[in-house]
Amino acid sequence: MLKKILLLFAVTSSFAAELPKGSTQKCEKQILEEMRPFKSKNMWFRVADTVPGHKTYRTSTQKFGQWIELNSGDVANIHIINTEGIKEIKLNPSNCQTKISTAFYKDKVFQGTGPNYFTDEEFLKQINSKKDLMIYTWSPRMVYSVKLLNDYAEIAKKLHLQFVPLLDPEVNLEEVKQLMGKNFQFKIQKVASNEIIMREMITHYPSTLVVYKGEIIDPFIFGAMPKDQLEYEINSRLINKRVLGK
Amino acid sequence: MKKIILLFVFAVTSVAVSKECIPAKDFVPYPKGTKNIGMYQRIHPDGDYVLHSSMYRSSSSNDPATAVQLFHLTQKDENGAARVIMTPMNDEVYPVMTDWSLFASPNHNDGMRYYSLDKILEKKQNSSATFNDKSHNQYYQSVGELEGSTSESKKIRVTLYSSRRTKDYEIEYKESQPVSMNANKEGRICDNIVSQPNKELTPEKVEKLRQELNTIALKTSELSRKYSTVNNGTERERYVAEFTALSNRSREINSFLSSSLKYEFSSPVLSHNGAEVAAQSNAPIDLNSENLFGSNYTQKIYKINPDYSCELIEDLGFQTQKIQFSPPVKGKKGKIIFVGGHNVYARGYINTVYIYDRDEKKLQKITAPNEYMQIGYPGLTKDGRAIFPACKVIPGEVICGAAIIDPNQVDPESGNVIQSSDKCISKNSKEKSSEIKQKPTFNPEGSFYEINK
Numbered sequence: 001m002l003k004k005i006l007l008l009f010a011v012t013s014s015f016a017a018e019l020p021k022g023s024t025q026k027c028e029k030q031i032l033e034e035m036r037p038f039k040s041k042n043m044w045f046r047v048a049d050t051v052p053g054h055k056t057y058r059t060s061t062q063k064f065g066q067w068i069e070l071n072s073g074d075v076a077n078i079h080i081i082n083t084e085g086i087k088e089i090k091l092n093p094s095n096c097q098t099k100i101s102t103a104f105y106k107d108k109v110f111q112g113t114g115p116n117y118f119t120d121e122e123f124l125k126q127i128n129s130k131k132d133l134m135i136y137t138w139s140p141r142m143v144y145s146v147k148l149l150n151d152y153a154e155i156a157k158k159l160h161l162q163f164v165p166l167l168d169p170e171v172n173l174e175e176v177k178q179l180m181g182k183n184f185q186f187k188i189q190k191v192a193s194n195e196i197i198m199r200e201m202i203t204h205y206p207s208t209l210v211v212y213k214g215e216i217i218d219p220f221i222f223g224a225m226p227k228d229q230l231e232y233e234i235n236s237r238l239i240n241k242r243v244l245g246k
Numbered sequence: 247m248k249k250i251i252l253l254f255v256f257a258v259t260s261v262a263v264s265k266e267c268i269p270a271k272d273f274v275p276y277p278k279g280t281k282n283i284g285m286y287q288r289i290h291p292d293g294d295y296v297l298h299s300s301m302y303r304s305s306s307s308n309d310p311a312t313a314v315q316l317f318h319l320t321q322k323d324e325n326g327a328a329r330v331i332m333t334p335m336n337d338e339v340y341p342v343m344t345d346w347s348l349f350a351s352p353n354h355n356d357g358m359r360y361y362s363l364d365k366i367l368e369k370k371q372n373s374s375a376t377f378n379d380k381s382h383n384q385y386y387q388s389v390g391e392l393e394g395s396t397s398e399s400k401k402i403r404v405t406l407y408s409s410r411r412t413k414d415y416e417i418e419y420k421e422s423q424p425v426s427m428n429a430n431k432e433g434r435i436c437d438n439i440v441s442q443p444n445k446e447l448t449p450e451k452v453e454k455l456r457q458e459l460n461t462i463a464l465k466t467s468e469l470s471r472k473y474s475t476v477n478n479g480t481e482r483e484r485y486v487a488e489f490t491a492l493s494n495r496s497r498e499i500n501s502f503l504s505s506s507l508k509y510e511f512s513s514p515v516l517s518h519n520g521a522e523v524a525a526q527s528n529a530p531i532d533l534n535s536e537n538l539f540g541s542n543y544t545q546k547i548y549k550i551n552p553d554y555s556c557e558l559i560e561d562l563g564f565q566t567q568k569i570q571f572s573p574p575v576k577g578k579k580g581k582i583i584f585v586g587g588h589n590v591y592a593r594g595y596i597n598t599v600y601i602y603d604r605d606e607k608k609l610q611k612i613t614a615p616n617e618y619m620q621i622g623y624p625g626l627t628k629d630g631r632a633i634f635p636a637c638k639v640i641p642g643e644v645i646c647g648a649a650i651i652d653p654n655q656v657d658p659e660s661g662n663v664i665q666s667s668d669k670c671i672s673k674n675s676k677e678k679s680s681e682i683k684q685k686p687t688f689n690p691e692g693s694f695y696e697i698n699k
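Chains as they are written, first to last, in the working numbering: chain A, 1 to 246; chain B, 247 to 699.
With the rest of the complex left out, here is chain B:
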């Protein structure tokens, strides 16, 4: 009997708690006068911060410069706007996505710099970098935290854009402070995907091009002979022009014949645990060809093997802007979020924010047509919220800030709020999510997610 009463009390409490939903769509304004939100942002996994990179004109330089700022969504100023924290970081900064303990800031004079969040919060623009790596530095870097981190050592993977160059580092911690950073592995990921035999090189075409090379060789030797026998300037010029054209053609054919086909692999982004990489690629796959201009130039997700080779595990079938992975969930593939193309239902070219559930294989919209004017890069938090910077029109003015959306309370087709949704993220869940940010170590088993279940 006692058990039944307890069960009843529990059930009633659960219903009461579940009604405490976070707002379906919330908006934290940025300080008044923010008119341009830039386009590159990263979202903190607890939803506390948004990292922005934008351009401004410095009075001390003739060239536009980059400003990297943190917008604190949960600590607001006297006007209710997100607090802004200036940083000394550069270009498009990428945090260790699991906990934002470190930021990879590229293209400094001493290479890629690594700043710690603690220092940035304490010293703001005057923070100094904790580490730097001159030899592994480039734009479009992404950072994941590998399995096997402990409170004394963190294992991170940093992938650069060019040639998918990747380094795995081990960061040693003493008294919760990072004290050393050493690379223990280096190479290029997904070489097996990007470089594949050139299918254009059929035996017939190769034979034809080789014959052409033979003809060119004969013609050029004939031209050399003629050139040496004439003194007339105009005639000599004609021979030189002809010779140059033949040489160019010969170079082109040779380079074509010696090429293996290099497929594109644009905008690689690592998953939070560094075990997967998403990229726009036209590398062939054995799927029903829903082709883009004759190739499969689509957003794809690859598993990264220990030897850095890759295996295709998912193809969205279309292009997107750069995607972001959700924090990992035990036993699940998780979700991805991205800004999709221009929505004709909006009666115009309006960007739409999409979430794709990789387990359910379902796509959902979370923004309605014409809801926002500008939309920045979106991200997903551990409790499932979607956050992205945006601007919107309110009577009389345009305000910019961070849109915070509970996808459970949004109609997946229209992007509008469902009035009587039976699912939502509870306020309780959000608090719990914030609680766990105190834990310094990422657990690849996904224990933090269990708290929010």
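Bound conformation, chain A alone:
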């Protein structure tokens, strides 16, 4: 029995929410309490501040595809984000009690089902199969992301990584077909994965993310680069895993 209690304690405490290092948070205790059910991984990083004057942080959670965004400062609100939408939990900063919680908004989120969409479900399937992947986000609207598709695919092959090109979700398939022609050799799948979007991999094209034995290796590689440099960047991400087993 004691063993079970200890185990339960260990499991729940491992999901205990923590605030980003160095952040100041209004209603700290209550915000941590509100975050707890969403099982933060506490791997916070900053994004461009949603409200100027406050600092905005993001973290992934134990639930694949679900992220938390926090505004740090004299406000007390969090957003839970997944491809179903965005849920806002807001506390009145003057008493830290009055709570307004919205349902998940459904609009303006990149969603999709079927073979033309790369969803969190599909991403998780690839992760669980322990595949080594090189995910490449691209857009027909960004010159080098188109011109370097073949080069990046070649490097993926050389490094024994499965090349997964993912299309800018704002672009329609007709636009791609018109530009790339009938002989386009790659599978066309649009980004519909929150894990990709929350990493800001659709803010700039191309962006490249390596997955090694089912583990996502952050940070992603920003922008285009020559083949030898790309190879170096990928190897430098893998070397810690391979040599030190980290």
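In case anyone wonders, no lab produced these hints; they're calculated from the structure.
Heads up, some of the hints might be wrong.
What the hints assert, rightly or not - BS3-like, lysine-lysine: derived pairs with alpha carbons at most 25 Å apart:
hint : chain 1 : residue 1 : chain 2 : residue 2
1    : B       : Lys365    : B       : Lys401
2    : A       : Lys130    : A       : Lys187
3    : A       : Lys26     : B       : Lys608
4    : B       : Lys365    : A       : Lys147
5    : A       : Lys213    : A       : Lys227
6    : A       : Lys39     : A       : Lys29
7    : A       : Lys227    : A       : Lys158
8    : B       : Lys271    : B       : Lys281
9    : A       : Lys131    : A       : Lys41
10   : A       : Lys227    : B       : Lys413
11   : A       : Lys125    : A       : Lys158
12   : B       : Lys278    : A       : Lys177
13   : A       : Lys187    : A       : Lys157
14   : A       : Lys177    : A       : Lys187
15   : A       : Lys21     : A       : Lys41
16   : B       : Lys281    : A       : Lys182
17   : B       : Lys322    : B       : Lys638
18   : B       : Lys420    : A       : Lys177
19   : B       : Lys281    : B       : Lys370
20   : A       : Lys177    : B       : Lys638
21   : A       : Lys26     : B       : Lys607
22   : A       : Lys41     : A       : Lys90
23   : B       : Lys578    : B       : Lys669
24   : B       : Lys669    : B       : Lys579
25   : A       : Lys21     : B       : Lys608
26   : A       : Lys213    : B       : Lys451
27   : B       : Lys420    : B       : Lys365
28   : A       : Lys21     : B       : Lys607
29   : A       : Lys157    : A       : Lys131
30   : A       : Lys39     : A       : Lys21
31   : A       : Lys131    : A       : Lys99
32   : B       : Lys322    : B       : Lys401
33   : A       : Lys147    : A       : Lys182
34   : A       : Lys39     : A       : Lys87
35   : A       : Lys41     : A       : Lys99
36   : B       : Lys380    : B       : Lys431
37   : B       : Lys281    : A       : Lys147
38   : A       : Lys227    : B       : Lys380
39   : B       : Lys576    : B       : Lys472
Given the structure is predicted, the values throughout are model-derived calculations rather than measurements.
Fit chain B to the supplied structure of chain A, relying on the hints for placement.
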């Protein structure tokens, strides 16, 4: 008494002038049918042109090709749309940002080509390059104009992406025409930032890995001995496989032990005067670690020293898309503009245009949620306007064009227009800004900015 009256008249005139604000948010449409604005653009410092690079499918080739066009925002066609000027340039072109007198156009068969704005305006697609440099050519180039330019010679700095290779050129002018271009310095900027000791190499880890190398050496020599004594094919194959695995492991360990840690330095962009460079980097800094996945992979700004070494002077603390610097302002650090991540307040993944004031250390939004559908690279003009290509929905259709915003008249939190703003860019200031574009030489002291004060 006369002085008081004069002062009064001046004050009244100033108030009257200050009311002549430019619109808080303006939009110059592109020709009808423009549905795709691409993503790479550069904004002219007077706000007269936008340079676009986008892809199209050429009928003469199987591969998609790049189209580089200039959109003239102040010379409109009969429908009120920006005039389009086709150019012979290639890929993502970067102008000398101070005055756009030259464009660096990469990846031609003879390397980086330099085209002059005058020629492009005159001969459009039939313009020929003024200079070219085969040995200093790559994508993500950026160009700054260094201090010390005169009307007879212009000093420019061109930095490439790969290994931050940089060349400083001197361009000689005769009768206002560029006649020669010579490199007087070459090297790599920020090497001291990018290559630093590998902190993973603690003495304990090094010792452990060296022991492993010794073990591998013993095992491989044992395998070689066994291999030479057996004739069985299957057994030999097993030895080869084992040997290969050990060799690979040995190579990995050796390369790890010999490495100094190379930090990333993505998307470097020079400031207009070439004295600073912005890049996304995870190079360690001694700041309170607001970390990205355990490292500080954030947008940083470095000062470039005369010997090309760099010093960190600013860390935004988060990642951005590629940034653009504002034109220099005497005695000030100036501003930067960029497209930030996806704004959850927009109830979705909507890009937002941000301006960061480096002197005030303040961030402001200039676009409201769901205001635009597509947003291209933004830029700042000398009089402080923000310009970026965008598409938006008007009843019944989608139009694309250039959004022109006066940040003074926008609420920094919501990105919406402030109805009764006490500050604005005056129309007068915009005219003056256009006037100075006639001056051919960039003055690093920032004299052009004083005109707009």
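Are any of the numbered hints broken by this structure? If so, which, sorted upward? Structure breaks hints 4, 18, 31, 32 and 39.
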